[in-house]
Structures are given as C-alpha cells and as structure tokens.
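K.L.:
Next come the chains, spelled out residue by residue.
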Amino acid sequence: MNTTLQTLALWLTVVWPLLLAIPTLHSRLPWPRHLALAPALLLLLLPGDATLALPWLLLGSGFAIDGEIRWLLAMAVALWLMAATLTKPSARGTTLFMLTLAGNLGAILATTLTGFFSFTTLMGYGFYGLLIQGGNAASRRVGHRYLLILIVADLLLFEALLLAAATSGDLRYETVRQTMAEGPFAQLYLWMALAGFLLKIGLWPAHRWLLAAFRSTPTATALLLGGVPVAMGLLGAVRWLPLGEHALYLPGIALLTLGGAILGVALQRRQESVPPPAAVWRRLELLRQWAENRGQTGLSWLAALKQYKPPLPWPKLPGFVAGWGINITLFVLLGLALAWLAG
Amino acid sequence: MNWDGWIPPLLLASSLLPGLIIFTLAEEQVRLRTLLNLGGALVKLALVGWMLWGVYHGHHYEMRLALLPNLELVLRADPLALLFITLSAVLWLVTTVYAIGYLEGSPHRSRFFGFFSLCVTATVGVALAGNLITFLIFYELLTLATYPLIVHRGTEAARRAGQSYLAYTLGGGALLLLGTVWLYTLTGTLEFTPQGILDNLGAEHHPTLIMIFILLIAGLGVKAALVPLHGWLPQAMVAPAPVSALLHAVAVVKAGAFGIMRVVYDIFGIEFAAGLGVLRPLAWLAAVTVFYGSLRALFQDDLKRRLAFSTISQVAYIILGVAIVGPLATIGGLVHLVHQGLMKITLFFCAGNLAETLGIHKVSEMDGVGRRMPWTMAAFTVGVFGMIGAPPVAGFISKWYLGLGALEADQGWVLVVLAGSSLLNAAYFLPILHRAWFRQPPESWPKERSFGRQETAWMLLLPPLLTAAMALAVGLLATLPFSPLEWARLVAQREFSQP
Amino acid sequence: MAAPFIDLPWGIILILLPLAAAMAAFLWPSMAKAVGLVTAVAVVVAVVGLGWQLLDHGLYRHAIGGWGAPLGIELYADGLSLLMLMATALVGFAVSLYAAAYFKAEDAARFWPLWLVLLGALNALFLAADIFNLYVTLELVGLAAVALAALTGSATALGAAMRYLLANLLASLAYLLGVALLYHGFGSVDIAILATRIAPAPVAFAALGLITTALLLKTALFPLHFWLPPAHASAPAPVSALLSALVVKASFYILLRLWLELFAPLGAGAGIDALLGLLGAAAVLWGSVQALRQSRLKLLVAYSTVAQIGYLFLAFPLALASSVAVWSAVAYLALAHALAKAAMFLAAGNLLRFGGHDRIADLDRAVQRLPLTTAAFALAGVSIMGLPPSGGFVGKWLLLEAALTQGRWGLALVMILGGLLAAAYVFKVLGYAFTPAAVAHKSTAVPASMEWAALLLALAAILLGFMAPLLLPLLGIGEPFGANGAGP
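Protein chains in written order, with my numbering: chain A, 1 to 343; chain B, 1 to 499; chain C, 1 to 488.
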C-alpha cells in the first residue's frame with residue numbers, strides 16, 4: 001500500500017508540475033504554484049525508502065527516495081514553497097516556474113546520469129526563462145550570459161555522459177562511479193564533468209553573471225537562483241564523480257541550498273555592485289602552489305589558501321560571502337578531484 | 001495463396017491511385033479530394049503497420065518484375081526500408097492534413113495534391129527498392145514529381161528555384177546512373193544485400209570501386225545536400241510550406257541520405273567500404289557539411305532559409321553516422337533519419353503557421369509571437385530543443401548514439417564535431433525562442449488573419465503539435481519495442497557480420 | 001484466336017490498304033477523314049496480325065505473285081521490321097486521330113491522301129527485302145514527306161520544303177548510284193544474296209560511301225542536318241510529328257539493315273563505324289545545345305530530333321563487340337523516340353493552336369490551362385531525356401552498359417551529357433508553362449482529341465519503359481542482329 005502510494009508520489013512529483021505547465025490547466029486552478037508541490041510534500045511525508053526503476057524511459061531512468069535525498073528534497077520543497085508564496089499570484093511565467101520546479105525535483109530524485117542530465121537541462125533553461133522574463137535590458141544581458149554558460153556546461157556534461165556510457169553501459173550512479181575510476185577515460189571524464197558542473201553552479205569564471213543576476217530579478221527568483229543551481233551542481237558533482245561517500249555530502253548540500261537562497265535574497269535586496277571576489281591570477285597562483293606540493297598527501301592546498309588574505313570589505317558582506325562561498329566550493333571540488341586523481 | 005508479395009505494390013498504389021484520380025478532379029471537388037487524400041494516407045499507414053508486424057515476425061515481402069535483360073524491378077520490405085516507409089507514411093498523413101488546411105482557398109489544388117501524392121509514391125518506391133536500378137527509377141521519379149511542387153506558385157522566383165533544383169538533382173541523377181551502370185558491368189547484379197555484393201571482387205578492382213563509390217555518393221549527395229552540392233535546397237524554399245516540410249523531412253533530402261545508406265550498407269557493405277578507405281573522407285565531408293550548414297544558418301533572417309540550412313547540417317549527421325563505421329554509429333545515423341524528420345517537419349509546420357496566420361517570414365519579425373500563438377511556438381520549442389540535442393527530445397537519442405558510436409570506433413574527433421554543432425544549433429535557434437517568448441509583441445502583425453478564439457486554423461495547429469509530441473515520445477520511449485531506435489538496432493544487426 | 005485471322009497475308013495488307021485508301025481519299029475528299037481513320041485503325045490491327053504470325057512461324061517471307069528473289073518482289077519481316085511497323089502504326093494512329101480534328105476542309109483534302117501514301121510507303125519500306133525496293137519506297141516516302149511539309153503553302157513552309165526536296169533528291173541520286181554499283185559489282189539487289197557475295201572490293205567501298213552518305217543526309221545526321229529544323233518546324237503539327245518520328249527513321253532503318261547485312265565488315269575495317277559514332281556524338285551535343293538556344297517551341301523540338309538521331313549513331317562503334325545488345329538498344333531508342341517525339345510535336349501543335357504562337361517564354365500558365373498537353377510534353381520529355389521509367393531510359397541503359405563494358409568513356413559521357421542537355425531544354429519549356437506571361441493573349445480552344453492523341457503517345461513512350469522483357473524477345477525474331485552474343 002505504502003509502496004504503491006510512494007511510487008505514485010514519485011511519479012507525480014515530477015509529472016504533476018510538468019502537467020501544470022500547460023497554461024490552460026494552471027490558469028484554472030487556485031494557487032497553482034503551491035499545488036504543484038503537493039505530490040512532493042506527500043512524498044516527503046510517506047516514510048520509508050522507495051525506488052522506481054524506469055528502464056524504458058529515456059535510455060533507462062528511475063526515481064528514488066531515501067534518507068539523504070529526503071533532506072535535499074525537503075529543503076527544495078521549502079524553498080520552492082517560499083518562492084511560490086513570494087511570487088505575486090498574477091505574475092506571468094507560471095509555466096516557467098513549473099518547468100523549472102519539475103527539473104529541480106526530477107534532478108533530485110533521479111537515479112541515473114541521463115535522468116539527472118535531462119532534468120538539470122530542463123531546470124537550466126527554465127531558470128533562463130525566469131531570469132529573463134522581467135524584460136529589462138540588464139536581465140536580458142544576464143540571461144544571455146547564463147544561457148551561454150548553460151549550453152557549454154551541458155555540452156561538457158553530455159560528452160562526459162557519453163564517456164561514461166561508453167565505459168560502463170549502465171548509467172546508474174553507483175555503477176558509473178565504480179567503473180569510471182578504472183575506465184580508460186577516467187581523466188577526461190573527470191575534467192569534463194567537473195568543468196561542466198562548475199559552470200552550471202555558476203562558479204569561476206562564470207560567477208559574475210550570477211552575482212549580477214541577483215540585482216535585476218524579483219525576490220522569488222533571486223531566492224531560487226541563490227539556492228537551487230549551486231546545490232544541483234554540487235549534487236551532480238557528488239553523484240557523477242567518485243568523490244567519496246555521498247551520504248556525507250547530501251545534507252551539506254541541503255544546507256548550502258538554504259544558505260545560498262538567503263544570500264541570494266540578501267544580494268537582491270542590497271541592489272549594489274559586488275566586487276569581484278578575487279582576482280583570477282590569485283587563484284592560478286594557488287593552483288600553481290598546489291601543484292608544487294602535489295607530492296604531499298591529502299588536501300595540502302589548504303595551507304596555500306591560508307596565505308591568501310584579501311582585504312575584508314565589511315560593508316559589502318553579502319557580496320563578500322558569496323564570493324568566498326564560491327571560492328571555497330571551487331577549491332573543495334578541485335581538491336577532491338585532484339586527490340582522487342593523485343590517489 | 002500467399003499475398004505477401006502484393007503488399008509492396010499495394011503500398012505504392014495507395015498513394016499513386018489517389019494521386020492520379022485527384023489530377024482529374026475539378027477544383028471545387030474539395031470533399032472528394034480530401035477523402036481521397038486522407039483515405040490513401042490511412043490505407044498506406046494500415047499497410048505499413050501490417051508489414052511492420054510481419055517483418056518483425058520474420059515475414060518476407062517481395063515483388064519482382066522483369067525490367068531489362070537480367071535486371072528486375074524489385075520491391076522489397078526489409079527492416080531498413082520499413083524504417084523509412086514508416087516515417088514517410090506517418091508524416092504523409094500529417095502533412096496532408098496540414099496541406100489541406102494550408103492551401104484552403106488557394107488555386108490549383110488538384111494539381112498540387114496530385115503531385116504531392118506522386119511525390120510520396122516515389123519516396124515509398126525509393127524505400128522499397130530492392131536493387132539499385134529500382135532505386136534509381138524511383139529516385140528520378142521523385143525528382144520529377146517534386147519539380148511541379150517547387151514551381152507551384154508560378155512566380156519567376158519559383159521558376160528559377162525549379163531550374164536550379166533540376167540542374168542539381170538531374171546532374172546528380174546522371175552521376176548516379178553512370179555509377180550504377182559501371183557497377184553493373186563489374187558485378188552483373190545490383191541487388192541490395194546486407195553486407196554488400198562486392199566481397200568476391202579482387203583487389204585489382206579496388207581503384208574502380210573507389211571511383212564508382214565517388215560517383216554514387218556524389219549523385220546521392222546532391223539530394224542529401226552534402227556540401228558542396230547543397231545549393232538547391234535553400235532556393236527551394238519558395239515552395240509552399242507543406243512542400244518544404246515534406247522535402248526536408250521525408251522526401252527529397254531523406255531519399256538522398258537513404259540512398260547513401262543503401263549504397264554503403266547493401267551494395268558495398270560497410271566493412272568492405274571501410275576497407276576501401278572511402279568512409280573516412282565521407283565522414284570528413286559530413287563533418288564539414290554539419291558545420292557549414294550551421295554557420296550559414298546563423299546569418300539567415302528568413303526563417304525558412306534558416307531552417308533549410310539547418311537541414312543541410314542535420315542531414316549530414318545521418319551520413320556521419322554511416323561513415324563512422326560501427327554498429328552504434330549506424331544506429332545513430334539510422335535513427336536520426338527518423339528523428340530529424342519528425343523534428344524538422346515540426347519546425348516547418350510552425351514556420352508555415354506563422355506565415356499563414358500572421359504573415360511572418362523573418363526571424364526579426366518574431367518578437368513576442370509566443371504570446372499570440374503559444375501552441376505553435378510550444379511545438380516549435382520542442383523541435384528546437386530536439387535539434388540542439390537536449391534531452392529528452394528525439395535529437396538527444398541521435399546524438400547519443402552517434403557519440404557512442406564515435407567512441408566505439410575510436411574517432412574522438414566526432415565528439416568535437418557534435419559539440420560544436422550543438423553549440424551552433426543553439427546559437428541560431430535559441431535567439432528565435434528568445435524573441436518569440438520574451439520580447440514584447442509589436443502593435444500589429446504584418447498580415448494577420450483571425451481565427452476566432454483559436455490562434456490559427458486547427459488543421460494547421462494539430463499537425464505540428466502531433467509531430468512535436470512524436471518527437472518527444474520517440475526520445476522518451478526510445479527503448480520500447482517498435483520505437484525508431486529499436487528498429488534501427490534491428491537494421492544495424494543485419495549490416496555487421498559480427499554483432 | 002482463329003487460324004484464318006493469323007493466316008491472312010498481313011504484309012500485303014499493310015502496303016496495299018493504305019495505298020488504296022489514299023486513292024479513295026483523293027477521289028472522295030468528303031470521305032477522306034473517315035477513310036483515313038479507318039485505315040489507321042486497320043493498320044494497327046494488321047501489325048498485330050503480322051506480329052502474331054511472326055511469333056508463330058518466326059521469320060516472314062512472302063514472294064508477291066509467287067516470284068521469289070532474284071526476279072520478283074519479295075517481302076521480308078523480322079523483329080526489327082516488326083518494331084518499326086509497330087512504331088509506324090502507333091504514331092500513325094495517334095496522328096490520324098489528331099489530324100482529324102486539326103485540319104479544316106481544304107487542308108484535310110490534301111493531307112489525307114498524302115499521309116496515306118506515306119503510310120503505305122513506310123510500311124512497304126519496312127517490309128522490303130531488296131535494295132532496289134528499298135530505294136523505290138524510300139523515294140516514295142521522301143516525296144510524300146516533302147509534299148506534306150509544303151502543305152500549308154506559306155512562304156516559310158515552301159522554302160523549307162524546297163530545301164528538303166533538294167536534299168532528298170540529292171540523297172536519292174547518290175543512293176541509286178550506290179545501288180547500281182552494287183548490282184554491277186555483285187549481280188543482285190537482294191540483300192540476302194548480296195550478303196553472300198559482297199567482298200572488300202573498290203566497288204563495294206564506293207557503294208558503301210555513296211549509300212551511307214545518302215542515308216545520312218536523309219536521316220539528318222550532323223552535319224547533314226541543315227534541312228531538318230526548318231522543314232520540321234514550319235510544317236503543320238501532325239506533319240512535323242510524322243516527319244520527325246517516322247520519316248527520318250525510315251532512312252535510318254535502311255542504313256541499319258544494309259550495315260548489318262552488307263557493310264559491317266567493310267565499314268569497321270575502314271573506320272567508318274568510328275566516324276559515324278563521332279558524328280553521332282557531335283549531333284547529340286550540337287543538336288541539344290541548339291535546342292536549348294531556341295526561343296520557339298517547334299524549333300526546339302526539331303533540334304531535339306537532330307540530337308536524338310545522334311544517339312542512334314553512337315551505337316555503330318560499340319556494335320562490333322556486342323552486336324545484339326547494342327542494336328536492340330538502338331531499335332528500342334528509335335521506337336521510344338518515335339513515340340515521344342511525335343507526342344512532343346503534337347503537344348507543341350496544341351500549344352501553338354491554343355496561344356496562337358509558340359514563343360517559349362510566353363507559354364502563360366499552360367500547365368493550368370492545357371494540363372493534358374503539358375503532361376504529354378512532360379512525359380514525352382522524360383523519355384527524351386532518358387529518365388526512368390521510359391522507353392528512352394531502357395535504350396540508354398543498354399547503350400550505356402555496352403559503352404562502359406567496352407570502356408568507351410567518351411561515348412558514355414556523351415550519352416549522359418546529352419540526357420542532361422535534353423533535360424535542360426525540356427524543363428526550359430515546362431518552367432515557362434508554370435509562369436504567367438507578361439501580356440495576356442487571346443486563346444483558342446483545343447479539341448480534346450488533339451490533347452489526348454498527344455498524351456496517348458507520351459504514355460506509350462513511358463510504358464515502353466516496362467515493356468522491355470516483352471519487346472526485346474520480339475525484336476530478336478529472325479535474329480536481325482546476328483546470333484545472340486556473337487559479333488561478326
């Protein structure tokens with residue numbers, strides 16, 4: 001009984017927002033944005049793990065919920081509920097909202113690389129729409145940059161995906177993580193996926209658009225933009241790359257979602273320019289130092305990081321925090337990846 | 001009595017007879033003409049369904065008719081033929097509905113639909129051809145049947161486009177004829193056989209075979225619009241939208257691509273051809289075409305011209321799939337034959353809707369058109385994402401298998417081509433979407449027609465929605481039996497000696 | 001079928017019936033049309049009967065009055081004769097149908113007797129067994145043709161007819177001289193007897209030269225084609241059709257017969273086959289280019305005939321190695337061309353009648369206003385271009401196959417190029433048939449029978465593309481091209 005219900009809920013969590021994306025449908029419902037989250041809420045409330053394998057769907061996909069994913073899903077649902085409440089009921093773009101939502105929830109629940117890739121693509125283009133629908137010149141500029149990065153990121157991930165498929169044939173997360181580490185394309189796969197996700201998250205060198213984006217969007221969008229893409233990028237990295245036990249990371253990502261969202265809103269509220277968090281050459285310098293220390297074990301780059309002391313622009317705290325958040329994520333990912341390579 | 005042999009000719013007759021009868025109808029006999037058109041299309045679809053089931057269960061559909069000394073007209077439904085036939089039968093039905101709506105009230109409809117049916121007959125003939133000479137016959141018939149459709153409007157521009165079309169295609173046909181006869185003098189047979197018919201020719205014939213290959217591919221490459229033989233395609237855009245749709249998705253361009261497949265797989269045999277060393281240059285040519293088409297598309301303001309250049313680029317994927325050499329790449333090429341058809345026909349339907357409803361022909365006029373015609377543009381959006389290769393639309397599956405095939409065959413450079421092409425596709429398609437969905441609509445449209453509460457006539461709206469839905473479905477449900485992908489797998493199995 | 005039907009002397013009927021009908025039409029002009037139509041149908045029936053006989057008994061020989069060669073007149077029919085007779089009967093029938101509606105009272109009274117004479121003469125020519133009878137019938141054909149060409153009596157027509165007449169007379173003279181030389185040298189005019197006696201002597205070569213030149217002139221092979229375009233273009237449409245489809249084939253038929261039976265060993269030795277091939281190639285290219293340059297429809301079609309005749313001569317250099325296939329191809333091409341070209345001229349006549357002019361650029365939506373005629377022109381064009389499926393394609397395929405098997409790339413390329421040029425000029429016409437003219441013209445209605453006559457022929461030319469398995473064995477009756485597979 002419970003499993004049937006869970007299976008249904010797994011289905012509906014993704015399909016229901018997609019259905020509601022149709023204008024003739026959502027325009028007839030009260031509170032369509034909130035309603036779209038109903039199956040996801042239901043799924044959260046039903047106890048126990050559940051898996052829904054869909055081998056016939058898009059080269060083999062599936063949805064699953066377990067302890068860790070539940071955290072992430074809960075955070076996402078909270079965030080989207082908040083955004084739904086913040087958005088004016090009359091506002092346009094319900095369709096985009098629904099598509100983006102479906103993309104996000106689908107990416108969280110997906111059990112295969114292809115599923116994850118598909119849903120994040122949907123989400124990415126949805127975000128592009130949300131960003132740009134305000135219609136002013138600034139948002140359009142930001143939107144274009146975002147789009148370009150999105151496309152490049154998707155291409156990189158697509159190629160990484162191909163490498164994975166060519167190596168393992170089975171695209172479930174665990175299988176890929178295991179086989180890729182020994183496969184012939186390990187390095188290439190790692191760098192492509194990493195680069196793709198870094199771009200998707202909006203990290204260096206793509207961070208500028210992210211920061212600029214907050215200034216020109218409505219609060220709800222800023223909230224989502226701050227929380228969702230970064231989290232999804234990290235989630236992807238964790239799932240695609242053999243970085244370690246993912247149980248460790250998922251709650252962290254959930255927290256990051258929240259933090260990012262708050263940050264996003266804060267940035268949006270301040271309406272001021274943000275300094276570039278750090279000069280590019282600085283980071284290159286760090287990398288070089290890390291490379292020198294490569295013989296040492298573990299995360300030796302931390303030592304190098306300590307030497308770097310930028311002036312603290314206290315009055316511009318959100319921007320600063322954002323910049324550092326991005327920096328730290330970058331280096332965590334890079335470090336983990338390189339550690340994996342070295343080991 | 002076994003009637004299986006009669007189904008292929010019946011399949012031809014299901015569009016030939018309605019076509020011939022339609023020629024004799026007066027302009028006013030709209031209902032009878034519509035009945036004939038749709039009736040023929042439905043009968044054809046039913047026959048195709050029957051054969052799909054039959055071939056899947058190992059039935060053999062073949063009809064032979066003596067044509068020349070030692071040469072026969074052979075109609076045979078093998079899996080590869082059925083892949084193409086199914087596409088054309090389905091899209092013919094959809095396009096017929098669309099054309100009826102599109103041409104409502106315009107002159108010379110009997111002539112139009114007559115040739116339309118002939119065109120489909122020729123396409124099905126191309127698909128069913130069981131040897132090269134039968135293929136050649138229908139291939140030339142296709143050229144002839146398409147010409148009146150291209151010059152249908154009777155303007156000076158249309159006449160010129162028609163001349164240019166003929167100059168290219170008949171020239172190509174001549175090369176094909178030369179290659180075919182030459183091949184025949186060597187082999188004494190032209191039968192399409194899985195893994196080719198040339199195995200027992202000795203090495204001393206290889207230079208000749210290379211020349212023949214070049215002749216055949218050049219002849220077929222004209223219709224497939226391989227660079228530098230693509231010049232006619234953008235010009236042929238003067239034809240009415242249903243014609244462009246059919247030309248790009250099903251009939252002419254696809255006949256060329258299909259012919260290349262037949263030559264590579266069933267005349268030369270893919271492994272033999274790879275051994276000759278002719279496939280590598282073909283792959284390069286296809287790659288160049290992919291880029292060239294995309295680059296040219298970037299700079300077209302005319303929507304249909306942009307789509308035309310996009311076709312040049314997309315059809316080259318099919319050739320690329322053939323030329324990479326490998327089961328997976330073959331699947332990619334084969335499946336793209338179908339997928340590209342579904343996606344491109346959607347785009348052309350939508351372009352036709354914009355032109356018919358709002359008088360929009362240029363990309364620069366498309367600001368905010370998504371608000372006026374949301375359903376049309378939704379279908380267009382699906383088509384566009386398919387072209388870019390975004391999941392889960394059909395194009396993703398094609399690129400997926402092409403990419404896997406490239407990795408399998410150790411040809412990593414193809415991945416770069418795929419990525420670059422996707423990037424370019426995005427570069428010339430996404431701005432259209434941006435305009436349509438996010439720009440402010442103008443005060444008034446160039447030439448608006450009102451359709452009451454609907455955004456356009458339902459006969460114009462339904463076809464693109466249907467094809468867009470199909471493009472989504474074949475992507476999402478690619479692994480189900482009878483999907484294009486699974487069928488392509490079936491075909492690919494026959495063409496490689498070790499699976 | 002009852003035996004008596006088969007056993008009628010069809011050969012004689014084929015000759016005498018049209019001649020008698022011509023007499024009747026001349027004597028009773030008011031009945032001319034009816035007589036002509038009935039005769040045309042009867043000739044079709046007679047050809048079918050003759051075909052039946054051939055299938056049953058093989059080779060047909062009939063000595064008129066019981067006097068056989070070398071004294072009397074003998075009729076002879078094999079597959080090749082039959083094919084030419086079929087072409088004549090078919091084209092003759094369609095043209096008669098067409099002419100019945102085309103000619104008004106006065107012209108009709110002149111047309112029918114002349115045409116029936118021509119028909120009889122053509123039939124006699126295709127049935128003749130000796131070179132003297134060939135001469136007589138050829139002369140008769142020529143005279144009737146010239147008279148027909150001059151039928152309208154306009155200044156251009158008379159001028160063209162005069163040129164035609166002169167060319168004809170010159171050719172006849174040369175031919176007669178050749179015949180006399182042969183008779184003098186080898187003591188017979190019967191082809192079969194001559195074939196056993198002829199030897200590579202100077203007199204034989206002189207006869208070969210004279211006769212070949214004469215027949216080339218009559219067949220209008222480049223560069224001896226000068227008289228053809230004006231004559232064919234200025235004649236009334238049904239006459240143009242007859243001239244282009246049948247009359248030039250008559251002289252070609254004689255050339256082919258003599259070549260096969262008498263001259264092949266001589267000519268090949270002297271390189272004449274190569275020369276003929278070269279001239280044929282030149283004709284294909286030159287005629288096509290000229291056709292493409294014309295702005296008048298009928299001239300275009302006439303030049304197309306010049307080009308198509310070239311194809312027939314491309315076979316000569318190929319025949320040495322694979323005689324049967326090549327000559328079958330040529331016969332097939334000749335038949336296809338007869339049907340297609342007649343259809344084209346009839347269609348052109350319709351367009352001329354309809355618009356009052358034959359300027360190509362002013363065809364003014366003919367495709368919509370005269371759909372059957374345009375369809376006829378297009379379908380005939382398909383055969384002329386040699387696109388499948390059509391009689392032209394079959395012929396061209398066989399010829400191309402022979403050329404490539406023998407590695408004769410030059411000839412193969414000429415064939416291909418000729419096809420492309422043909423496509424260019426045919427579609428030049430068709431393209432303008434879709435566009436409206438700058439200035440609207442008055443139009444005259446065209447009777448349905450005229451449209452259908454053209455379409456019928458064109459359809460026959462297309463159908464010919466599927467008839468090869470039927471016709472090629474028929475063509476082989478009596479082995480006109482020598483034993484299967486073996487060249488001389």
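Hint data in this document are derived by calculation from the structure and do not stem from the laboratory.
Here the structure is a predicted model, which means the values were calculated and not measured.
Note that CB positions come from ideal geometry on N, CA and C, so glycine has one too.
Hints may contain errors.
To be verified - Just so you have them, the derived chain C footprint on chain B, three or more residues with Cβ under 8 angstroms: (1) 41–49; (2) 61–68; (3) 145–157; (4) 175–181.
K.L.:
Next, verify each hint and record whether it holds.
P.N.:
Status of each hint after checking the structure:
1. Only residues whose C-beta sits within less than 8 angstroms of a C-beta in chain C count toward coverage, and the stretch 41–49 of chain B has 0 of them, not enough to reach three; the restraint is violated.
2. Remark: the stretch 61–68 of chain B is confirmed as covered by chain C, as 4 of its residues place a Cβ nearer than 8 angstroms to a Cβ of that chain, reaching the required three.
3. With 7 residues having a beta carbon nearer than 8 angstroms to a beta carbon of chain C, the stretch 145–157 of chain B meets the requirement of three or more and the stated coverage holds.
4. Residue count for the stretch 175–181 of chain B with a Cβ under 8 angstroms from a Cβ of chain C: 3. That meets the three needed, and the coverage hint holds.
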